[in-house]
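These protein sequence lines are chains A and B, in that order. With the first sequence counted from 1, adding 56 to any position gets you my numbering. With the second sequence counted from 1, adding 56 to any position gets you my numbering.
Check each hint, because a few of them may be wrong.
As the list claims (entries may be wrong) - According to the in silico footprint, chain A covers these stretches of chain B (three or more CB under 8 Å from chain A): (1) 164-178; (2) 228-239; (3) 281-287; (4) 342-356; (5) 509-519.
Claimed, not checked - Partner residues aside, some chain A positions facing chain B, computed with beta carbon under 10 Å: (6) 78; (7) 79; (8) 86; (9) 102; (10) 106; (11) 108; (12) 181; (13) 203; (14) 487.
The hints are simulated quantities; they were obtained by calculation from the structure and are not laboratory data. Note that CB positions come from ideal geometry on N, CA and C, so glycine has one too.
There are 2 protein chains.
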Amino acid sequence: MSKTKAPRRPRAETPKGFRDYFGGDVVERKAMLDRIAEVYHRYGFDPLETSAVETVEALGKYLPDVDRPNAGVFAWQEENDWLALRYDLTAPLARVAAQHRNDLPSPYRRYAMGPVWRNEKPGPGRFRQFYQCDADTVGSASMAADAEICAMLADALEAVGIARGDYVVRINNRKVLNGVMEVAGILDPSDPEKFAHERGIVLRAIDKLDRLGEAGVRALLGAGRKDESGDFTKGAGLSNEQADVILAFTGARRATGSETTAALRALVSASTIGGEGVDELEAIAALLDTQGYGPDRIVIDPSVVRGLGYYTGPVYEAELTFEITDEKGRPRQFGSVAGGGRYDDLVKRFTGQAVPATGVSIGVDRLLAALAAKGLTGAEAQGPAVVTVMDRDRIGDYLAMAAELRAAGIRAEVYLGNPKNFGNQLKYADRRGAPVAIIQGTDEAARGVVQVKDLILGAKIAAEASLEEWKSQPAQQEVPRPDLVAAVRRILDRT
Amino acid sequence: MSKTKAPRRPRAETPKGFRDYFGGDVVERKAMLDRIAEVYHRYGFDPLETSAVETVEALGKYLPDVDRPNAGVFAWQEENDWLALRYDLTAPLARVAAQHRNDLPSPYRRYAMGPVWRNEKPGPGRFRQFYQCDADTVGSASMAADAEICAMLADALEAVGIARGDYVVRINNRKVLNGVMEVAGILDPSDPEKFAHERGIVLRAIDKLDRLGEAGVRALLGAGRKDESGDFTKGAGLSNEQADVILAFTGARRATGSETTAALRALVSASTIGGEGVDELEAIAALLDTQGYGPDRIVIDPSVVRGLGYYTGPVYEAELTFEITDEKGRPRQFGSVAGGGRYDDLVKRFTGQAVPATGVSIGVDRLLAALAAKGLTGAEAQGPAVVTVMDRDRIGDYLAMAAELRAAGIRAEVYLGNPKNFGNQLKYADRRGAPVAIIQGTDEAARGVVQVKDLILGAKIAAEASLEEWKSQPAQQEVPRPDLVAAVRRILDRT
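Using the sequences and the hints given, assemble the complete structure.
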């Protein structure tokens, strides 16, 4: 026989930058999103699930990284159109608000949860598919809409288990920033395009204040900044005096909201738009005060700007303030888990009519990581009771045991691998995170009993207990077959 | 000023064949999937969420329409790979089972729920993105795994509200079919590739038995069939005698399972593989009997074949047996909502080692349509109580009312559009499906009261009631401000 070349087997791999989510990860994310959805629902927000695929034309060029307007999406050509996977949940909302403007209630409050895709270079912890969770109000110019989103965000964080005091929602206003830009001489109201490039650099520089500190931001406002790796980022080319104005703004936070807005008002007194922005901040602060959202939950903080170019008024961000230990063992604040703001021009792209809108996006993976850091995850994910197979011919009996347990609301399954090696069955139960194993051999069947093994206690005893303790607290007990459910429940209630 | 051409606005449209899901649709699907997931979870199945994007190589060519192996997916080229959106949840499972074979428990029971994408010509009711809901057991050759999936499927259907008697899970076996093919002379065990094309036609012909009847299938088994539109489909070219064998098989269902398997055994007595298939059917039937899943829920039915080419043993299908009225006003059975079977070769593509697997896929949109036809949807989707804005300066008070209602667990929101026209506010409440509107003008505020308007009763009275009834049963009542929550709750409890 001649040697024929075997066909090459396909590689069993996700594409680079993609990942799978297993068992507990799916359950935990779902539990968290369900709790958030419950809060959003109670606030009158309706779910919206748009298609994952949009026309490139409808998506527009609103990616956060404004330096690469055309890159960043997964796109392919259809007969007449270029199609792409959505890169966020805001662009599809703008499309929906335009497409269905005659059928949707106005204002339209909606929330959306689902994956988005970014065609970026993958890196450690950076994936090309990830979840977002957004809530937006389209069609309301009222500052009450912004205040509501911020209050709802605080409620949502508490609903998933972040304690009051462990988070703060910080609010600022782009109009105030524009006023500051005017005062600094890099925004001319009569020629809005002038200095647009510089303002973009300023925006992104301020957004890095947390990470780079004032000196780093000052460098980016001026000639530029060389980072630790030696890479040079060109700056906005502002003079020292201009940078002083910007940094006076970012540093304008005072002890109370009214002191902060007073400081801001002084700073932008020469600018109409800046004054408007301060008015808006005051309105939001007053509404939140009325409802009892004090500075322990929501504060006015001029250092918040949000990187996105499309915000036109209030911007806000939720930060977790508890400390974690970073990968280098240093303590640091957990940081931002959500952000948003007012964007009055996104729907206008489609219809020509300005539609006021405001909304927030929660970074789902970040918030999940925060819950994990706080020890708030894991409870949801318990393995099933595993019924072992001692006697291959009596599989029907084992299936009946599992069915009985399930009918009593207990998660249960029968081992369906090759039953020959009993050790493999217990290894399987271990890998499944099973709290209980049920065993019934020919002898037990004849006597009408089953063995119920407490695997969690068993592991504990094996690790810690002395022989006396082991004898006094057996991890395995024999019970009459009719008592199976009750015996398993006793063990589950104990754990 | 010279006339400048305005830039063309993007069209606010989903790509052809894609759609958005709003409010109630999202809530209802989620409620249904949550109930199914609860059943799957109780059976010991773990959730798995794979990435939407796979390499084309990993996806393979397992689309249902075997005539077009390469079409049907949305694909695009990356640096070195072709990437594509998954077209089902089984191909990604096979990839996961191969990729993580050293870390997953074996057998691995998993369920998956999520969108899949098909690059097909869209049509009425045919979309290019839709939901699937799958449950599979990978790594068990035991017929108990197949029996378990069928029992779990029956439980899941009852959990979402399909009454016993309104559905039936039908089971068959591909090995029996192969035995029949052998007997009919279109399968030669020593040369499995021979007649593969004919067998494909036979498979798809049998799958259309419901729709075309025996005569139509006989035509497809023979020379071919001309449909109502005049289009001709070429047949498998079988002789009348060969077609008789096939149709004896599809018609072999008898009153009881054991009579059916006896009829099948007689039919395939000349075939080893056919006999094996009958053994498997008998094993499944016995296991289901032990657990009380009688023929009112699960039956052996040789007319079930499932179109997919990759099944290797048991195949199963859930059919809803209640009647609906089709678009032409004729009564017909609702039909299939789920199907699956055993596929022992999918993981082997990656690893070279055969891994036995079996699983089912529920057609999420079909099942949702069935629930709607049965009047089982809609309860979940109630609008919020709407607090109207009579006095723009007192929006803080209105927000406080909504907050109070929410704190009591009542869905509530404040109208945040332009409050000038009160009629618009009530129209908004109507569009929101609001059961209650809350009204407090300057006068009511001064007197410490609010008006609570029962919108559902109001609409009913407006439509039906006489003036006397209207007076005796007012849809609007004035209550002291502290009684707001109690008054709203009374109305909600009534509806």
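Checklist entry - Are at least 3 residues of the stretch 228-239 of chain B within less than 8 Å of chain A when you compare beta carbons? => result violated (count 0)
Checklist entry - Taking the closest Cβ pair, is residue 487/A under 10 Å from chain B? => result 4 Å, holds
Item to check | Outcome, coverage of the stretch 164-178 of chain B by chain A - at least 3 residues whose beta-carbon is closer than 8 Å to one in that chain | outcome: holds (count 3)
Checklist entry - Under the criterion of a CB-CB separation shorter than 10 Å, is residue 181/A in contact with chain B as hinted? => result 16 Å, violated
Next on the checklist: So, as I understand it, the hint says residue 79/A touches chain B; can you test that by seeing if any CB pair is closer than 10 Å?
Outcome noted: 4 Å, holds
Checklist entry - Was the hint right that residue 86/A lines chain B, CB cutoff 10 Å? => result 8 Å, holds
Checklist entry - Does the CB of residue 203/A sit less than 10 Å away from some CB of chain B? => result Where the cut-off is 10 Å and the nearest Cβ of chain B is about 8 Å from residue 203/A, the hint holds.
Item to check | Coverage claim, chain A over the stretch 342-356 of chain B, checked by counting residues with Cβ within 8 Å (three needed) | outcome: holds (count 4)
Checklist entry - If you take the shortest Cβ to Cβ gap from residue 108/A to chain B, is it below 10 Å? => result Hint on residue 108/A: holds, closest Cβ of chain B at ~6 Å, below 10 Å.
Item to check | Hint validity - residue 102/A Cβ closer than 10 Å to any chain B Cβ | outcome: 4 Å, holds
Checklist entry - Are 3 or more residues of the stretch 281-287 of chain B near chain A, judged by a Cβ distance of less than 8 Å? => result violated (count 0)
Item to check | Agreement of hint residue 106/A with chain B interface, Cβ distance less than 10 Å | outcome: Given a least distance of 5 Å, the restraint on residue 106/A holds.
Checked against the numbered hints given earlier, this structure breaks hints 2, 3, 5, 12; the rest are met.
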